[in-house]
Amino acid sequence: MSSTEEILDQPLLRVTNLTKSYGGNAACRDVSFDLWPGEILAVVGESGSGKTTLLKCISAQLACDDGRIEYLMRDGILRDIHGLSEAERRFLMRTDWGFVHQNPRDGLRMRVSAGANIAERMIAVGGRNYGKIRGTAEDWMDQVELDPGRVDHQPGTFSGGMQQRLQIARNLVTHPRLVFMDEPTGGLDVSVQARLLDLLRSLVNKMQLSAVLVTHDLAVARLLSHRIMVMQGGEVIETGLTDQVLDDPQHPYSQMLVSSILPV
Amino acid sequence: MTQAAQQAAIPDEQAEIDAGAGPDPNYNFAYLDEQTKRMIRRAMLKAVAIPGYQVPFASREMPMPYGWGTGGVQVTASIIGPDDVLKVIDQGADDTTNAVSIRQFFERTTDVETTTRTEDASIIQTRHRIPEKALSEDQILVYQVPIPEPLRFLEPRESETRKMHALGEYGLMHVKLYEDIATHGHIATTYAYPVKVNGHYIMDPSPTPKFDNPKMHRMPALQLFGAGREKRIYAIPPHTAVYSLDFEDHPFDVQQWEQPCEICGATDTFLDEVVTDDRGGRMFVCSDTDHCTRDQEAAE
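From first to last, the protein sequence lines stand for chains X and G. Under the working numbering, think of the first position of the first sequence as 1, with each following residue one higher. Under the working numbering, think of the first position of the second sequence as 1, with each following residue one higher.
Isolated chain G, as found in the complex (with noise of 0.2 Å):
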């Protein structure tokens, strides 16, 4: 083939694969190799059968930087089959980059099919959100995590903070909770709240919001966390108690917003602040935007 046979070969390839002619041949189903999987599925059993536990894996390199969600996408692509729905959303949305570029990965390597509907995936990938419509049993709820280690900024030493979870001395993760209120006056922690999972081991929620908290606590689905830099996994089993540290006199308390959701007028979700031109105007909106369209349908 001549170099510009070549370059006119690869459009066709391209539109063939965007015409849904099933997943591309040139990569494994899922993009991982077999063996890869075995392994990260090896250390998602270890994770569930401790709760809370990070168990370290060996993160293979991925077609994306890291931030991006790595570690959730190795989880994903480990247990992904091809009658899996899948939905992906990035802070609530299924429509922002991170979003859109994940679902395009899998349906790239996979061709499984898609969704934003919340109750119609069977696999949900999240960066930071948990949806607002409550999961059921038949549903995996997936984590991108950037730093699985909740002691991480009180304790530098991996080695003192693995101590420190074995024997469960914990007393520190109240030191910060202290710092908090002794500075803002009340739990200023509104991301990355930390909560004790089935009693023992103290666990970092990914960024989500503390909003998103109590739907941890006996959630029907399978919670899994794949943090790919820090290479670590874990995961909360399906009706696992998790309680969200906080002082007999400051207790846990979640986010509450004066106003209802300007689009669909919804007052128990979790709101964003939307700049919307440079004098100072903003609005508030669903951080789910399946959520936010539906109510609006309904509504209509």
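Bound conformation, chain X alone (with noise of 0.2 Å):
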């Protein structure tokens, strides 16, 4: 297809320099990468090295202090997040882009059912078929694994791991571009990780989708990413293709952190 190649030609989403402090100590530091179409890029780095910010800033929800963020919208132009209007930010974040919480709490509303949850963004681009909105909804959640028939419960009677697919389902249903994810399997016990992993892994390979995955378990990031940044105290301190780094680290602390992976 001659327009997947026109697209393939620019990057989805380019960072140049981004930095952000908090007060005097700063969070991010120059953080520069390219995210490519159909491309899923792992972060990694312990507490405190700066992924939750980084990850904040480039979907928008945390001004930056320095630096620039730009997507390549539907029209194939790319442009600065931050100089959009609010309007078109908030746009962006409701059709083209996803965002999984950690906490699943944090992604749903959980005073809705689960199919109010998944038809939420259905709704919100203006899709005003009831029947139709239940249907893709019943669909999304049969897509993740959930019991179509349980779509008129509350998120408060699923378990964890229920909960963050229904969360997944509820990102993907407008099939955005790009997902955000901040920990998805944080919080989750490993058998459940595992299943979700594997939804995971290939919903993004039938929908074609880029992401930026924050992580601190490294075989979260083998499984799912290609690429992987790895950060300490706010910089990237090494970046390359996800086997090629976990196998063979050149910095002394991702040689730390790989070796500090519990064998079972």
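One should not assume that every hint holds.
Said to hold, decoys possible - Simulated pairs of lysine to aspartate or glutamate, EDC-like, Cα-Cα distance not exceeding 20 Å:
1) G:K163 x X:E138
2) X:K56 x G:E160
3) G:K176 x X:E138
4) G:K176 x X:D152
5) X:K132 x G:E248
6) G:K176 x G:D95
7) G:K176 x G:E248
8) G:K176 x G:E155
9) X:K132 x G:E160
10) X:K132 x G:E155
Rather than coming from a laboratory, the hints here were simulated on the basis of the structure.
Both chains come to you apart, so use the hints to assemble them.
See the structure below:
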């Protein structure tokens, strides 16, 4: 397809010299990277290394002090997201982007049913046919391996892993192009994590999603991501293909991180 | 004056007022001071200019508790003049507590003429009903509003709901209707049914039954909404489009009753269910007492 090729010669997201500090403490210093369509980038590092701040800055939830964050809009033009109006940014957030929170309670409306949670984005982009909205919601419940028969149940009656899958369905229903994930498997037990990762991997493949995945779990990065970025103290200390970085880390800190994985 | 004499003087004064000797001289006309009225009028002008937009105003303490219509009373007090004729209804009735006390309040502080006849009134203050009889261009309908923010129960943050109003992000309102259909099989919201005013702002029509929503659409009378505790005023100017939200496959619909009013026999009015005994006896009667009484008179 010629149109795909045209899009492919531009990155989906380009971050240049992003800097953000809280008072005198730099949370992110001079971070630059390109994210290409269909690519999953993992950001790893210990607590306090600036991963979440980076994610919040590039998803326009937090203003950065310096640097540019450009996003390839659907019209094929790279635009600085901090130069967009708030209305445009919020529209992007509801349609073209998804944000998967670590705690599903942050990303779900706990007082309305699972179906209504999935319906929200469809309605936000103009869906006004109840039957169709509900049908799509049930279809998405099925895709994230939730029982469509529970479409009218409140998220509070779901287990942690089910809530996380519901949150993913809620985000993916409008077919976003870019998904931000903040520790999507954090707080889940290991077997549930494995199922969720498996699900995420197949959805990402099927929908040709791009994603920025923040995690401290190297196994998650290994399974899901194409490229990896290791952060320490707000700076990117190593970046490269996931397998390359994890199999042959160059920086002493990356070496320490990789060697600290507990063998079973 | 001795204490006894003072006490004796009070009944006399009251008797004078009751005898219709003019408004109570201890109050300014319509209770509020002139500066307060100007402030409220400014808010109302802004509300009329932006139909459905909730204008903040410096709501005053009124000599009645919140929830008794302090917002509506302030709006009425700011627009009423000596030549106005006032009608006050509570759930359609002219003779229930809230209506009687507010009517007496204005009789005492303004000495304006009051009426129960819808077509004779120039200002109608209402708690939750629109009179059955169509209103005209020289009438003003004042609503008492408890909670003006339609998005409140879905989004508790005021900063966020204001942003949603400004950007027209009203998806959440339909999420509520979705939830209704999912739970009850139909849109079960029967009062405070959200409306879109003039193609932009989503508005809570105060807890009027949805039966009255179609009457708001292109109504010739000016509609003013006052929420005293929440300190908001909003308005629908005459002949403004008011659209009740719905889904394509679940269109907006008003309540219907299987039987006519048991007093006047009307079939096109909003009926109240009245419990008549403790053995399950009940009857359905018009909620608009003025309309019901006159239908009866016409029949006789």
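For each hint, the structure was consulted:
1. G:K163 x X:E138: 31 Å, violated
2. X:K56 x G:E160: 19 Å, holds
3. G:K176 x X:E138: Roughly 18 Å between the alpha carbons, so the hint for G:K176 and X:E138 holds.
4. G:K176 x X:D152: Holds, at roughly 13 Å.
5. X:K132 x G:E248: The hint holds at about 10 Å.
6. G:K176 x G:D95: With a Cα-Cα distance of about 35 Å, the restraint between G:K176 and G:D95 is violated, given a limit of 20 Å.
7. G:K176 x G:E248: 15 Å, holds
8. G:K176 x G:E155: 11 Å, holds
9. X:K132 x G:E160: 29 Å, violated
10. X:K132 x G:E155: Violated, at about 25 Å.
Checked against the numbered hints above, the structure breaks hints 1, 6, 9 and 10 and satisfies the rest.
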